[in-house]
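Assemble chains B and C onto chain A, guided by the hints.
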Amino acid sequence: MSATGIGAAVRRKEDQRFITGTGNYTSDITRPGEVRAYFVRSPHAHATIDKIDVSAAKRMPGVVDILTGADLAGDKIGGLICGWAITSKDGTPMKMGAHPAIAADKVRCVGDAVAVVLAETLLQARDAAEAVQVDYGVLPAVVDPAKATAKGAPQLHDVAPNNLIYDWHLGDKAATEAAFAAAKHVTKLDIINNRLVPNAMEPRAAIAEYDQGNDALTLWNTSQNPHVARLVISAFVGMAPEHKLRVIAPDVGGGFGSKIFIYPEEVVALWAARRVKRPVKWVSDRSEAFLTDAHGRDHVTHAELATDANHKITGLRVHTIANIGSYMSTFSSSVPTYLYATLLSGQYAIPAIYAEVDAVYTNTAPVDAYRGAGRPEATFVVERLVEVAARELGLDPAEFRRKNFVTSFPHQTPVIMTYDAGDYDASMTKAMEMIDYKNFGKRKAESEKNGKLRGIGFSTYIEACGIAPSQAVGSLGAGVGLWESAEVRVNPTGSVEILTGSHSHGQGHETTFAQLVSDRLGVPIDTVSIVHGDTDKVQFGMGTYGSRSGAVGMSAISKALDKIEDKAKKVAGYMMEAAADDIEFKDGKFTVKGTDKSVGWGDVTLNAYIAHKFTGGQLEPGLKEGAFYDPTNFTFPAGCHLAEVEIDPETGKITIANWVAVDDFGNIINPMIVEGQVHGGIAQGVGQAMLEGAHYNADGQLVTGSFMDYAMPRAADLPSFKVDTTVTPCPSNPLGIKGCGEAGAIASPAALINAITNAVGHENVPMPATPSVVWKAAQGGMKKAAE
Amino acid sequence: MPNVTVTVNGKSHTVDVAPETLLVELIREKLRLTGTHVGCDTSQCGACVVHVDGAAVKSCTMLAMSADGATVTTIEGLANGSTLHPMQEAFREHHGLQCGFCTPGMIMTAVDIVNRKGGNLDEHTIRDELEGNICRCTGYHNIVKAVGAGARAMAGGGKSAQAAE
Amino acid sequence: MYAFKYEKPWSLAAAAALLSESGDAKLLAGGQTLLPAMKLRLAGPSTIIDLSKVPGLSGVTREGDNLVIGALTKHVEVMNSAEVQKSIPALAHLVSVLGDPAVRNRGTIGGSLANNDPSADYPAAVLALNGTVHTNKRKIAADDFFKGLFETALAADEIIERVSFPVPEKAGYEKFRNPASRFALVGVFVAKTKDGVRVAVTGAGESGVFRVKEMEAALAKDWSPKAIEGVKVSASGIIADLHGTADYRAHLAGVIARRAVAKAG
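Residue numbers (our numbering), protein chains in the order written: chain A, 1 to 787; chain B, 1 to 165; chain C, 1 to 265.
Looking at chain A on its own, in the form it has when it is part of the complex (with noise of 0.2 Å):
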């Protein structure tokens, strides 16, 4: 292994920047003779707009124009869709609502936009967009996904009769029931996922601006997939055609998922920049940014598990209501759906799961993917289930997951998946010996002595990544094709550009895909530069979520790379009057097989660009290919997390004692990077489990709309993790990685809510956790001890 090769621990090549303050953020971009735009948002969550006075909002200082969504209507410019089609139970398809990106009739939570102003500044905006009069009938709202579909609910949309968008299944119905008609024991629950809020540090923003010579638009704007974004914003939005918009994400500060999906604000800013033919900007702050990014989870699941009398897993099965929010976010309709239910074998042998999910419009921020995007969802359900059919059957839960984990692959589960590869009894036993398992009485006694409950849980996790064959994706209803490209751009001077589809917001592709260069050609990594996040100079790319980028974005890279070595080993035969064939090329040098004849790497790259050792018939001048690559299955990371705390039942207080995380992501490219990814998803995974709970009242207001009500995970909350890997490469992809970048926030909420149950002596702990909650929960338990 090189220094700077595959496996090594290089430090990263983007953060110069970052720790010198000379990133580039969307918000530190200005454009000459840009205006501001800041948004009227509704204050109610359902109400009718009767009626919108600009009139004196439009004669205050500074302002340039202020546009409604009768004026959007008016230049035709088509709403926001969400990307994957669903399809329910009975075969009708699912009920998608209109999203205009400016409400014009009704709107349908707090803070859909229903006017944007342009000024000057942003004072003046703002100032403006106050004494814009909008005159609403206000409606009954419903925020509980439970009640939504209840007789006499409040509508939302009235393509989707009961507020039901589509009620889906997935699995064996008569298997399973049979399966629970059998059993000896059955495990239920009733789990409520909670709402969050994504809350990347840096907020959503986009600057818009309009070439009129041209005709062309740019946009800059925090995005995870530019091209994504300009092919919605071009197909159906109708901004622009795909060759006249321009989309740049640049640097963008963190996404996890919420900055997937096109959104309203930066259709506007194109619109209105075309409109005022001025550059407009629009910066979302983090008051705005709760109400208006996609939030993530938010089910209501009841979750049943049968076992037989050899305590074997024999079936399982859920009913989902899972909230969508106000309108269908771009790739809403797959998270709890395909992301979700496919999970639901999680790493077991289970003969029949019958899966039932119903999608339902509320008045509320719109839902979509978050870290781990349905994945947490059934991980949170199998692993809570399997955690407490442990208790109720008096096994150590250890033992009864070695008696009902997959152990032969490939394995196919009863709910689509064909998992590849892996040992999951490899990463428990490892993460079991990490924290002193069997130690943990003992540490469980000193506890007690001290006042204080202790506590172990086990989550035992599986997710797919790396999605997935276009082929696949598209028979379950996908809109897009989830391959990725690359494009290797040598240089004449030896130097290397990479064009990739995919986009770091944090992963620190600049480093890990230049590992990859560098160990594939040999050259230093400091002449391998990264180039992604630009519609102009990557033909197409389909972005980063769902912990793809390593395993889809990086063998695109290295197909581009197979065929950059075989072009550059026909110029090294004509250099060397040798046949291709005879070529070996190792450590940047290509030397004629059983001779010492060799050239370099950098003589290569000239001779390919001067071109005066061979013909063009003979061979085309240049060195630059490029490749798409389209997975052949899903990769199934999977793992160990064990979480124990420790427990003050007087002031219902966690802290978190140890924490062990046990993973299998294939083979790694650099394990700083990948140890960095899982500590960031477990602190996530932590904060749903303990902090966080996006929460609105019963009106549809966001009660926890700034950081003073929405407990985001600080440095005191948190412990160091005890992080390690096992390896089984993975099979589909000629890298053999599986990802990384969820696994954290997936596995952990299962092992933390376990450990405090286990901590309590019951189950009914709600998560976020709270130290209310824990204490009230705790009083139980101590209750029930007594008794």
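Simulated from the structure, these hints should not be mistaken for laboratory data. A virtual CB, placed ideally from N, CA and C, is assigned to each residue, including glycine. Treat each hint with caution, since some may be false.
[To be verified] Rough simulated footprint, nothing fancy, chain B against chain C, three-plus residues with beta-carbon under 8 Å:
no., region
1, 44-56
2, 218-231
[As the list claims (entries may be wrong)] Ranges of calculated distance between the beta carbons of each label pair, as one might list FRET restraints:
no., chain 1, residue 1, chain 2, residue 2, range
3, A, Pro-93, C, Glu-151, 53 to 59 Å
4, A, Gly-626, B, Lys-11, 54 to 60 Å
5, C, Asn-80, A, Asn-450, 53 to 59 Å
Just chains B and C now, with coordinates in the frame of chain A:
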């Protein structure tokens, strides 16, 4: 419009500002030093932390007018030319950042911690002192490591540390 | 923020004059609560009167049996003051758990008290220590100063100059943080002075900081955590929100009070 005179990263500026201008707006919009970030509107996230007269402050919660006559150091002023400050170096070495958005505030806070508490910081102290800085990417694990290492480096002859202030 | 007029007077008299001239002017001390409120447009004063150039408002002194802290004394200065650490270490501790380091570098005692946030820390100390708020017009006893949620006895044109605290025999402060805001979910300051025992609870009261007379009586007899084990804080008038039910906060007040007493020694 009133004006303020501030010395930012060693350079004196006299700038016309509206009274409602925040220090962070002066820094980002008037002086175009965009390394200092804004991540919230409730003075909690700490992405905007700079040093004013040697002490860490949230530049989103201070009027530009209040900085009249003050000496301000932002993330851009921390390195000594092309030599990184030991705390910057430590954040890179220990992978104390991912998306980079909270990083300037984290580093400025970290330097302030060392200035107040010295170079020998235990994990508990570091986590406590990061109370006012939120990171969504790293789970703080590597930030804590970076601050500890950066503190040791500053104490052990971090000349650039003092020079920059 | 809304636009406003900015004034930076050089004397207390000038500041007071400006304050009475303008109906809705606000005094700017450290700005750590005022500015966030203005940024969210929850406050929109027409004039901001920056007190930073007014002399004599800052510093810590010991005057006989009293510790006196100037209104513009920053939290960090109180925290690090040798005089505070010697006279009322519990007060130095309180400030060390108030806000975060950057907030402590700007925020002031006068600003905190004038704002009287129901979850702020300082009001608990002032009430439990039976402090006195000295303004440009009069002296206000702690029991008279706090008038409810964000309400104080301060008149519209009144400016806090300093706060004096009788040095107690024993005092302790314990805080249980709100997981989101990090303000006190419940904070309890206990103090034993020559005039008796006082217990003040912040974070929990619907009308702001309050005293728990039953605890005071029990502690006067026996200064020990055990003495107040049986004292229940009533849940009526206690804040109930997402972060805790009234029952929880009332219970927590008892737990935290005992810990404050233990800490006081």
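Verification of the hints:
1. 44-56: With 3 residues close enough to chain B, the hint holds.
2. 218-231: Violated, because only 0 residues of the region 218-231 of chain C bring their Cβ atoms closer than 8 Å to Cβ atoms of chain B.
3. A:Pro-93 to C:Glu-151: 53 to 59 Å: The hint (53 to 59 Å, Cβ to Cβ) holds, given that Pro-93 (chain A) and Glu-151 (chain C) are roughly 57 Å apart.
4. A:Gly-626 to B:Lys-11: 54 to 60 Å: violated (46 Å)
5. C:Asn-80 to A:Asn-450: 53 to 59 Å: The hint (53 to 59 Å, Cβ to Cβ) is violated, given that Asn-80 (chain C) and Asn-450 (chain A) are roughly 33 Å apart.
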